[in-house]
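Asker: Next come the chains, spelled out residue by residue.
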Amino acid sequence: MKVTLTANGSEVAAEVEDRTLLVHFLRDAAGLTATNVGCDTSSCGACTVLLDGRSVKSCTVLAAQADGGEITTVEGLAAPDGEMHPVQTAFRAEHALQCGFCTPGMVMAVVSLLAENPDPTEDDVRTALEGNLCRCTGYHNIVRAVLAAASGRRPS
Amino acid sequence: MIPAPFTYTRAASVDEALELAVQGGEDAKFLAGGHSLLPLMKLRLAVPETLIDIGRIGELSYIAEQDGHIVIGALTSHDAVARSGLLGSELPLLAHAAGQVGDPQVRHRGTIGGSLAHADPAADLPAVILALGATLVTRGASGSREIPAGDFFLDLFETALRPGELLTEIRIPKPHVTGWSYQKFTKRGIDWAIVGVAVQGGSVTLVNMGSTPLRAGAVERAVAAGSELRDAAAHAAEGTSPPDDLNGGRAYREHLARVLVARGLEEARSRS
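Those protein sequence lines, which keep their order, are chains X and G.
Using the working numbering, you'd call the opening residue of the first sequence number 1 and step up by one each time.
Using the working numbering, you'd call the opening residue of the second sequence number 1 and step up by one each time.
It should be emphasised that the hints constitute simulated quantities derived from the structure, not laboratory data.
Quantities reported herein were computed from a predicted structural model and do not represent experimental measurements.
Honestly, I wouldn't trust all of these hints.
Heads up, simulated EDC-like pairs for lysine to aspartate or glutamate below, C-alpha to C-alpha not over 20 Å straight-line [unchecked claim]: (1) G/Lys187 - X/Asp124; (2) X/Lys2 - X/Asp67; (3) G/Lys174 - G/Glu146; (4) G/Lys29 - G/Asp120; (5) G/Lys187 - G/Glu158; (6) G/Lys174 - G/Asp67; (7) G/Lys29 - G/Glu19; (8) G/Lys29 - X/Glu17; (9) G/Lys174 - G/Glu158; (10) G/Lys42 - G/Asp27; (11) X/Lys2 - X/Glu70; (12) G/Lys187 - G/Asp120; (13) X/Lys2 - G/Glu49; (14) X/Lys2 - X/Glu15; (15) G/Lys187 - G/Glu146; (16) G/Lys42 - X/Asp40; (17) G/Lys29 - G/Asp191; (18) G/Lys187 - G/Asp245; (19) G/Lys187 - X/Glu70; (20) G/Lys174 - G/Asp244; (21) G/Lys187 - X/Glu130; (22) G/Lys42 - X/Asp18; (23) X/Lys2 - X/Glu17; (24) G/Lys42 - G/Asp191; (25) G/Lys29 - X/Glu70; (26) G/Lys42 - X/Glu17; (27) G/Lys42 - G/Glu146.
Hey, can you work out the whole structure from these sequences and the hints?
Answerer: In structure tokens, the structure reads:
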């Protein structure tokens with residue numbers, strides 16, 4: 001079937017098998033390879049992207065289900081001039097990554113969290129990220145980065 | 001991992017979904033959020049020839065008050081149920097339990113109707129709607145039916161839904177007794193319950209203690225007869241047949257059921 005969606009502001013159309021998963025559509029048809037396939041069982045969250053503004057695990061969504069939708073991957077977060085998104089800046093400042101494999105999904109889950117809850121407590125952050133696994137176990141710095149990104153948005 | 005090949009179709013309305021189901025025959029499945037079905041399809045535990053995507057049928061996504069009942073469209077997401085102000089005040093047990101399903105990403109996609117129709121005995125919501133005395137409203141080729149929650153869950157992944165019949169609405173009476181509790185025991189946040197307990201007033205139900213959600217009838221009778229809550233909870237495992245798997249043996253689950261029912265009854269009383 002033909003799937004047409006908007007990925008990071010650009011329209012992408014491709015003829016794919018009905019069973020194509022969104023993550024494979026993004027990587028293979030749209031060429032957006034930052035989003036990783038991790039566990040492939042909707043547990044680890046490495047494939048998290050935004051579908052119409054909300055975080056989803058793109059290994060458990062059919063490309064056909066996202067037809068006509070608006071997708072944001074980590075490649076689409078920075079401003080056109082290259083200035084990083086506040087969550088990306090905070091991840092770098094707080095050293096919230098080690099091997100980096102979970103990072104694209106982790107960052108997108110955080111963007112979705114802060115859209116729903118701009119002023120989370122540490123507990124809120126840990127609960128909201130329960131669907132994203134970091135096998136390096138770098139959670140402390142990740143949580144610190146989320147809180148830093150959130151506080152950076154508050155008027156001082 | 002990708003599913004075996006299938007034909008994808010999309011319905012824009014309930015009528016169209018029912019029509020596509022007739023055309024698809026026995027090997028067609030409705031696809032809502034897909035968070036139960038797609039993982040099973042990847043593992044080849046489900047191999048439908050046709051998927052009927054009902055995810056965009058807007059008429060089935062709502063939460064409203066109607067004649068002393070709360071009515072919820074089957075395609076309402078777990079996230080919408082968990083965040084609903086109406087449910088937070090009228091059915092806090094359901095709102096809280098919906099917020100315990102999976103993780104935020106899963107709750108954005110997963111739907112209440114999908115979870116109930118899938119009928120996983122380890123899922124949170126089947127036991128919750130059983131405790132709440134809900135009625136499930138369906139539509140099929142031969143018309144509409146109303147099925148009490150107690151008659152809906154027949155066996156492991158098996159419900160009273162007939163082939164081609166679509167769950168459209170969950171209708172829940174407003175509880176008379178306000179005390180409630182949901183106890184979910186897991187090893188990790190995103191896991192299914194090893195054992196779970198839902199309490200609403202004098203109604204007590206169990207998650208993952210058999211092939212369907214179960215009513216803890218002996219506990220309910222003991223509470224109604226005025227037993228101490230701890231004594232009533234000692235009956236929690238009576239009449240159950242919990243699974244024996246890597247997460248826990250039968251005796252462990254029976255013990256958990258007694259402990260969690262005691263906690264649930266105490267928490268519910270503290271809230272009434």
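Asker: Please write out, lowest number first, the hints stated earlier that are contradicted by the structure.
Answerer: Hints 5, 9, 15, 17, 19, 20, 25 and 27 not satisfied by this model.
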